[in-house]
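Use the sequences and the hints to build the structure in full.
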Amino acid sequence: MIGLIKLIVFGFLGLSVIYLTMRIYAASTERERLERIFDAGGIEGDRDSFVRAGMKDYHSSLRHKLLILICIIPTIAIFLTAYLVNHQ
Amino acid sequence: MKYVKWTFRITLILLAAGFLHYTLPQHDIVRITNTYNRLTAISSSNSWAYASPDSGTAITDGPRDIRFVEAVYADESVMVYRNEDTGWVWPPYFKYDSSNLQAEAANLKSTKAAPIWVSVTHYGWRLPILSIYPNAVSVREVAGPDVRIIPYVNIIVLIMLALGAFMIRRIWLQFWERTIEPAVAEVQETWDGVEARADTARAGAKGFFARLIARFKSK
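Quick note, the sequences are listed as chains P and W, same order.
For the first sequence, the working numbering gives the first residue as 1, with consecutive numbering after it.
For the second sequence, the working numbering gives the first residue as 1, with consecutive numbering after it.
It cannot be assumed that every hint is accurate.
Residues from chain P that keep clear of chain W, each with C-beta distances beyond 10 Å, as calculated [to be verified]:
| no. | residue |
| --- | --- |
| 1 | G3 |
| 2 | K6 |
| 3 | Y19 |
| 4 | R36 |
| 5 | A40 |
| 6 | G41 |
| 7 | G42 |
| 8 | F50 |
| 9 | R52 |
| 10 | D57 |
| 11 | S60 |
| 12 | S61 |
What follows is a set of in silico ranges between Cβ atoms, one per label pair, in the way DEER data are often shown [claimed, not checked]:
| no. | chain 1 | residue 1 | chain 2 | residue 2 | range |
| --- | --- | --- | --- | --- | --- |
| 13 | W | I150 | P | A27 | 36 to 44 Å |
| 14 | P | K65 | W | R140 | 54 to 62 Å |
| 15 | P | R52 | W | L158 | 20 to 28 Å |
| 16 | P | K65 | W | I168 | 18 to 26 Å |
| 17 | W | A103 | P | A77 | 49 to 57 Å |
| 18 | W | R140 | P | I73 | 20 to 28 Å |
Calculated directly from the structure, the hints in this document are not laboratory data.
Even for Gly, the Cβ is constructed at its ideal location relative to N, Cα and C.
Put into structure tokens, the structure is as follows:
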């Protein structure tokens, strides 16, 4: 039973680290993409405010929210593995 | 230096490959000949290949009762599997049905005259010199000794590992490009500013000495 608690605690910590890292990475690539779009030209206004508005849209997008799958899929995989190994 | 680098790299690759080979599941097509449990002494040299003391079937340190499954390959060579719970952390099989597995294995026992071929999924190595045994994870009856089994789990796990390594590299490069390089550039700019000021100061100093010498000469 101690093992299961260990798995839950360390699994939660590990997945949190991976999730937060991926969040930062994905936001960084999105910012870069927005900057490229602006730098390509043809957009009125200030570069910073264009990027800021784009990032605001990104943070409410489905793509951003789907990152939580990084935590959900391994959890499902663990339960699925346990089920397949232990039940005939 | 070149040799040191390559020795280091090859050692690292071998360690990773060995680790994966030990941990990933493999399938043996065998005929089960015997199932039993035996009091087994575990020493410090081979305890890494047994269940940790706090997981399911392994309650205490020291000698413990471990379930074994003996089997024969189609080519008459033999294999002995242990059958222990894995616990919840490592290796990640989350196996807690050792008793059921032992019953299934016993049910599939067969003789040479009337063989029942089974696919034993297991991980680990049989190394007689260390007295270590692969841990059986599941048994399944198959049609014959020549059945081909596609290792889906290994394919998925290896693809995920490769994807993970690729992502770590991408994340690192992104971090380098967006965080380290701008910081370095900023330091460089600041430094350039310092240098420029030093240059003007030096020019001023030169002017000062030049003026001094000129004044001296003129006297």
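Okay, the hints, checked on the actual structure:
{"no.": "1", "hint": "G3", "result": "violated, 4 Å"}
{"no.": "2", "hint": "K6", "result": "violated, 5 Å"}
{"no.": "3", "hint": "Y19", "result": "holds, 13 Å"}
{"no.": "4", "hint": "R36", "result": "holds, 13 Å"}
{"no.": "5", "hint": "A40", "result": "holds, 19 Å"}
{"no.": "6", "hint": "G41", "result": "holds, 22 Å"}
{"no.": "7", "hint": "G42", "result": "holds, 24 Å"}
{"no.": "8", "hint": "F50", "result": "holds, 18 Å"}
{"no.": "9", "hint": "R52", "result": "holds, 16 Å"}
{"no.": "10", "hint": "D57", "result": "holds, 20 Å"}
{"no.": "11", "hint": "S60", "result": "holds, 22 Å"}
{"no.": "12", "hint": "S61", "result": "holds, 19 Å"}
{"no.": "13", "hint": "I150/W with A27/P: 36 to 44 Å", "result": "holds, 39 Å"}
{"no.": "14", "hint": "K65/P with R140/W: 54 to 62 Å", "result": "violated, 40 Å"}
{"no.": "15", "hint": "R52/P with L158/W: 20 to 28 Å", "result": "violated, 41 Å"}
{"no.": "16", "hint": "K65/P with I168/W: 18 to 26 Å", "result": "holds, 23 Å"}
{"no.": "17", "hint": "A103/W with A77/P: 49 to 57 Å", "result": "violated, 27 Å"}
{"no.": "18", "hint": "R140/W with I73/P: 20 to 28 Å", "result": "holds, 26 Å"}
Violated hints, in rising order: 1, 2, 14, 15, 17; the structure is consistent with all others.
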